[in-house]
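S.K.: Given the sequences, and given the hints that come with them, work out the whole structure.
The lines below spell out each chain.
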Amino acid sequence: MTDAPSNTTQSGGGNVPGKLYNVVAGAGRASRSAAGQVGDVVRYTGGMSYLLGDTISWTLRSLFSRNVKFGGRAILVQMFRVGVKSIPIIAIVEVFIGVILALQLAPTLDTYGQRQRVADVVGIAIVRELGPLLTAIVLSGFAGASIAAEIGSMVESEEVKALRAHALNPIRFLVVPRFLATSLMIVVLTVFSDYIGVLGGFLTAVYILDVPPVLYMNLTQAALTTTDFLTGLVKAGVFGGVIAMIACYEGLRVSGGPAGVGRATTSTVVKSIVAIIGIDAVFTAAFYALGI
Amino acid sequence: MAEHAATTDNNIRQVAISADGVVKTFFNAEGEEFRVLDGVTFDIYRGETLVVMGGSGCGKSTLLNCLIGEYAVDGGHIRFKTKGMTEPTDLCSMDEAEMNRLRMRFGILFQSGALFNSMTVGENISLPLIEHSYVDPSIIDIVVTLKLQQVKMLPHRDKMPSQLSGGQKKRAGLARATALDPEILFYDEPSAGLDPVTSAAIDELMMDLSKKLEVTSVVVTHEMDSAFRIADRMVMLEKGRVLKIGPRSEFEVIRDADPATLSGVDEQLMHQFLNGYSDGPLTDAEGLSEFEKLINADSRA
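Going down the list, the protein sequences come from chains A and B.
Using our numbering, you'd call the opening residue of the first sequence number 1 and step up by one each time.
Using our numbering, you'd call the opening residue of the second sequence number 293 and step up by one each time.
No more than 27 Å apart at the CA atoms, straight line, and that leaves these computed lysine-lysine pairs for DSSO-like: (1) B:373 x B:504; (2) B:451 x A:85; (3) A:161 x B:375.
Here's a subset of chain A near chain B, in silico, CB distances under 7 Å, partners left out: (4) 157; (5) 158; (6) 159; (7) 162; (8) 167.
Everything labelled a hint here was simulated from the structure, so no lab data went into it.
We treat Cβ as the ideally placed atom computed from N, Cα and C, and that holds for glycine.
M.R.: In structure tokens:
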């Protein structure tokens with residue numbers, strides 16, 4: 001955008017053409033910036049959709065075509081990396097969430113003389129919502145960032161180019177194992193985090209809030225249904241796929257050396273968390289509408 | 293496109309790769325167009341070692357990326373005629389599956405070696421064999437041993453890439469590049485970052501493999517000692533165009549000539565480049581090359 005003519009940009013109120021010019025120029029800059037951002041979002045979404053389509057296509061081909069190898073070992077390696085290594089941190093986060101929920105709810109429930117009902121609320125909150133959500137958020141920082149950094153480094157060191165040069169498709173070789181491993185392991189980890197979260201609430205209720213242990217377990221069992229578990233697990237599986245897709249996409253488009261790898265990891269964590277919470281809101285609304 | 297068979301010294305020389313008017317352009321963030329390759333035309337004959345050289349930014353790495361199918365060309369044609377092909381196949385008209393079939397016929401040694409860092413040296417070499425064949429693992433093991441012996445890396449079979457020196461990484465990369473017994477080998481700056489002794493050893497290895505495996509070699513480099521050691525023919529690029537292509541002897545004549553006897557800017561430019569002089573048509577009065585000027589302009593922008 002060129003500068004305004006000098007005779008219309010004099011400061012000191014009352015210069016209407018100068019003000020008008022600034023308003024129009026500002027609007028122009030804003031609309032150009034907005035158009036650029038919309039373009040970026042469209043390009044990003046398009047790229048992600050393409051990657052997702054290709055990943056699903058290669059996954060199906062590796063499962064059903066004899067000409068495409070499944071790569072079971074690579075998936076196991078990734079499952080160990082994504083799943084097993086993140087167990088301690090998920091356990092710590094979930095047990096604290098159980099403790100926090102129980103302590104936060106107790107005073108309110110006390111006013112109704114229903115302190116023992118902390119079991120219901122903690123159970124439902126953890127299993128339906130916080131178990132899958134927090135597991136996904138932990139994994140986006142733990143596994144997502146690591147996947148983006150690893151693939152980004154491979155791009156920078158020409159390893160991805162070398163894969164293509166050896167007629168090995170990087171999506172089949174790098175993305176599919178990470179996609180499957182993250183989607184599967186997050187479901188397993190969510191089951192684990194559900195139990196740990198409920199355990200945190202149980203310990204708090206029993207040892208601090210003086211709720212009888214058997215009563216707590218009975219109330220939890222009565223409050224939770226299979227649907228509660230399943231809805232949480234479905235959400236978790238989708239979250240895992242989203243984390244893997246964002247991480248792989250960010251990793252594959254790394255440029256600019258180590259700084260680019262750093263940008264990709266940060267971007268992966270931020271975008272994953274935003275996407276997970278957005279998708280969670282959609283799921284919650286859909287389940288509410290369906291009465292699930 | 294040039295003839296796919298040329299007669300020299302009563303021998304029929306089959307063209308393995310033919311670049312015909314190859315154009316490649318890039319756009320910067322402001323949408324400005326940079327034509328990096330501008331109608332590059334040459335043939336590479338089967339079994340020869342062709343060295344592609346030129347200063348930084350002349351387009352030689354872009355050309356290599358076009359030849360291996362990494363970049364799609366914006367104009368012209370790149371045709372391959374590997375063994376068993378009755379007609380040359382145009383790279384530009386290939387789909388991904390066809391491209392992958394062709395890729396299995398060639399090997400590439402990348403500048404950094406580009407070994408897969410999560411795998412041992414042995415696993416790096418066995419990967420293409422495992423992925424592209426259904427042979428017994430014991431056979432693959434034997435092939436890996438042979439490939440490592442060829443590049444004198446057998447004792448390092450179980451090491452991770454991070455445990456190797458620069459020269460060893462290149463040797464291991466070369467073993468991986470030859471894993472599928474390719475017909476064509478591409479080398480991207482094989483001497484870059486190596487000391488002169490290691491560089492000479494890699495050159496010897498490349499020449500040895502070319503003879504033993506009877507492969508066609510395309511080497512992109514700006515290391516002149518290495519280029520004159522390994523080349524059968526040479527091609528010099530400047531500003532995305534072929535300045536000269538010919539046998540190594542013709543370039544040796546230009547390199548060793550008295551500058552006063554050289555006719556025209558092109559020969560003076562090649563003389564400067566081949567001898568590594570700082571003064572000449574490649575650089576301006578401040579000693580900056582065209583590429584450096586481009587980088588400076590870009591950073592100012």
